[in-house]
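K.L.:
Listed below are the residues making up each chain.
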Amino acid sequence: EPEVTQTPSHQVTQMGQEVILRCVPISNHLYFYWYRQILGQKVEFLVSFYNNEISEKSEIFDDQFSVERPDGSNFTLKIRSTKLEDSAMYFCASSGWVAGGLWEQFFGPGTRLTVL
Amino acid sequence: ELKVEQNPLFLSMQEGKNYTIYCNYSTTSDRLYWYRQDPGKSLESLFVLLSNGAVKQEGRLMASLDTKARLSTLHITAAVHDLSATYFCAPYNNNDMRFGAGTRLTVKP
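Chains W and C supply the protein sequences, listed in that same order. Heads up, the first sequence is in our numbering, so the first residue is 14 and it goes up one at a time. Heads up, the second sequence is in our numbering, so the first residue is 2 and it goes up one at a time.
Be a bit skeptical, because a hint or two may be false.
[As the list claims (entries may be wrong)] Below, computed lysine-lysine pairings styled on DSS-like, alpha-carbon distance capped at 27 Å:
#1 W:70 x C:109
#2 W:55 x C:69
#3 C:109 x W:91
#4 C:4 x C:18
#5 C:109 x W:55
Hints listed in this document are in silico derivations from the structure and should not be mistaken for laboratory results.
Taking the hints into account, I'd like the entire structure generated from these sequences.
P.N.:
Structural data, given as structure tokens:
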């Protein structure tokens, strides 16, 4: 069964460093998303991406964040200068039609980012 | 901004009992999702509700949607231990999905 994959599973970085989180969405999906979840808290929407551009973004997604689809398969989230409060689990998701005419959104396993 | 209120936030149930989780949201949404999350894991899609009056059932879980009231419910019938997890509702509108705070369900024998 197709699935969303994410690498790395865990990233440790120093405050102020740049990180790039990588995702491979499901191949025939057209909409891609990033979410984050601070430990023990709710899932927060960051950004959606369609047709090679940002479709929607939340107030969390400031100038420190950027997304890119550098080739036909990868979807990346870059944090330019990490802060302690960026420590969280970052989930990538993609959405598309599934059997039965449903529009489903599938989540990857997540990347745990720890900023020291 | 779409706001989502989910309650209760914590729910401890005895096996075999029934209960309902409520999800209220503030603005019109295209559709609403329910997800399950086990500790340390990703989100597993349970239901997608597309229209007013939609009702879906899978095993001991049943979800419904009232778009006029901006309310969705997740009903648990005859709970079993395997249902212990955190459940999130998430209304979706214009490529923007906002999650409720989650209901941490614990089912006790």
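K.L.:
Would you list, in rising numerical order, the hints stated earlier that this structure does not obey?
P.N.:
1, 3, 4
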